[in-house]
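> Let's have the full structure, built from the sequences with the hints guiding it.
There are 2 protein chains.
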Amino acid sequence: MTRTHEEVSYSPEGKRDALTPTSAAQGVEDALKILEGRWKLLILFHLFGGKVLRFSDLERAIPAISQKMLTQQLRQMEVDGIVRRIVHHQVPPKVEYCLTDWGQSLCPALDALLKWAALREMNSDPPAEGG
Amino acid sequence: MTRTHEEVSYSPEGKRDALTPTSAAQGVEDALKILEGRWKLLILFHLFGGKVLRFSDLERAIPAISQKMLTQQLRQMEVDGIVRRIVHHQVPPKVEYCLTDWGQSLCPALDALLKWAALREMNSDPPAEGG
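Heads up: the protein sequence lines correspond to chains A and B, in order.
The first sequence begins at 685 in my numbering and counts up by one.
The second sequence begins at 685 in my numbering and counts up by one.
It is worth saying that the hints were derived from the structure and are not from the lab.
Keep in mind the model is a prediction, meaning the values are calculated, not measured.
Among these hints, one or two may not hold up.
Which copy is meant is left open, because identical chains are indistinguishable; a pair holds if it fits in one copy or across any two.
Result set (DSS-like, lysine-lysine): computed pairs, CA atoms no more than 25 Å apart in a straight line [as the list claims (entries may be wrong)]: (1) 735 with 717; (2) 717 with 799; (3) 752 with 735; (4) 778 with 799; (5) 752 with 799; (6) 717 with 778; (7) 778 with 752; (8) 735 with 724; (9) 799 with 724; (10) 735 with 799; (11) 735 with 778; (12) 752 with 724; (13) 778 with 724.
What follows is the structure, encoded as structure tokens:
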């Protein structure tokens, strides 16, 4: 039995044949769902650029987050495939966090969003009145 | 006293000197807030590409949305500067909706998010174990 869920072959290089407004909106929503969570964006921006940080580094970088919450957010990001947890088997064990390639590849997209937000002031169209 | 909390000059294009992880995350969150709302992404994708649609066109394109909700979402998007409402003074009056330049310029950012989501399968890093 063939399954063809996922025929949105949104191809990065220009075709995007099967992409309808509905599937595109759904795709963006699904992507954004991965970023939901009070601290995920901040954790991401701390790890962008190939940084490798220990749990305590992240705690220090984000003082407002509780240990429990940081653990939870990191675990979710790990499950989602954004964050990689590196366990060094030594005594005492050392655990570090970095982004996966896929997590790192989120950078241009967030960058595009920031650029877009920055354009806001320049593009304040007044409400238009037609004919 | 100098504060040097993380001068992460996260700068793809060079400038953006003052961007810290905190301000970048906040910027992305602010941008995403504009897109929140059950139907906004879908409305956006219906209007991308310079489309000019009447209220009834949008109703037809998104059958699941109620009139009240469509009105509300469009109004919010208008207030946020994404959608432009064009009133043609004729009898009966004709009202059309399109994206502002700024709304249209959201396209590359959403596109980048879709591209990122599409990369997911290709980039499933296995959980790493270090030395």
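> Is it within, between, both, or neither for residue 799 and residue 724, if the alpha carbons may be no more than 25 Å apart?
both (20 Å within a copy, 20 Å between copies)
> One pair to classify: residue 717 and residue 778, alpha carbons no more than 25 Å apart. Within, between, both, or neither?
Neither: 30 Å inside a copy, 37 Å across copies.
> First find the shortest C-alpha distance between residue 778 and residue 752 inside one copy, then the shortest across copies, and answer within, between, both or neither for a cut-off of 25 Å.
Only inside one copy: residue 778 and residue 752 sit 18 Å apart there, 55 Å across copies, limit 25 Å.
> Is the C-alpha distance from residue 752 to residue 724 at most 25 Å within one copy, between copies, in both cases, or in neither?
within (14 Å within a copy, 34 Å between copies)
> Classify it for me, residue 752 with residue 735: is the Cα-Cα distance of at most 25 Å met within a copy, between copies, both or neither?
Cα proximity of residue 752 and residue 735: one copy only (22 Å, versus 47 Å across).
> My question is about residue 778 and residue 799: at a cut-off of 25 Å on alpha-carbon distance, are they close within one copy, between copies, both, or neither?
neither (37 Å within a copy, 34 Å between copies)
> With 25 Å as the alpha-carbon cut-off, assign the pair residue 735 and residue 799 to within, between, both or neither.
both (23 Å within a copy, 23 Å between copies)
> Given identical chains, is residue 752 near residue 799, meaning Cα to Cα at most 25 Å, within a copy, between copies, both, or neither?
Neither: 33 Å inside a copy, 32 Å across copies.
> Please work out whether the CA atoms of residue 735 and residue 724 approach to 25 Å or closer within one copy, between two copies, in both situations, or in neither?
Result: close within a single copy only, 15 Å intra versus 35 Å inter.
> With 25 Å as the alpha-carbon cut-off, assign the pair residue 778 and residue 724 to within, between, both or neither.
So residue 778 and residue 724 pass the 25 Å test inside one copy only (22 Å; across, 44 Å).
> When Cα atoms must be at most 25 Å apart, do residue 735 and residue 717 count as within-copy, between-copy, both, or neither?
Result: close within a single copy only, 24 Å intra versus 28 Å inter.
> Can you give me the call for residue 717 and residue 799, within, between, both or neither, at a CA distance of at most 25 Å?
Both: 21 Å inside a copy, 15 Å across copies.
Against the hints set out earlier in the document, violations occur for numbers 4, 5, 6.
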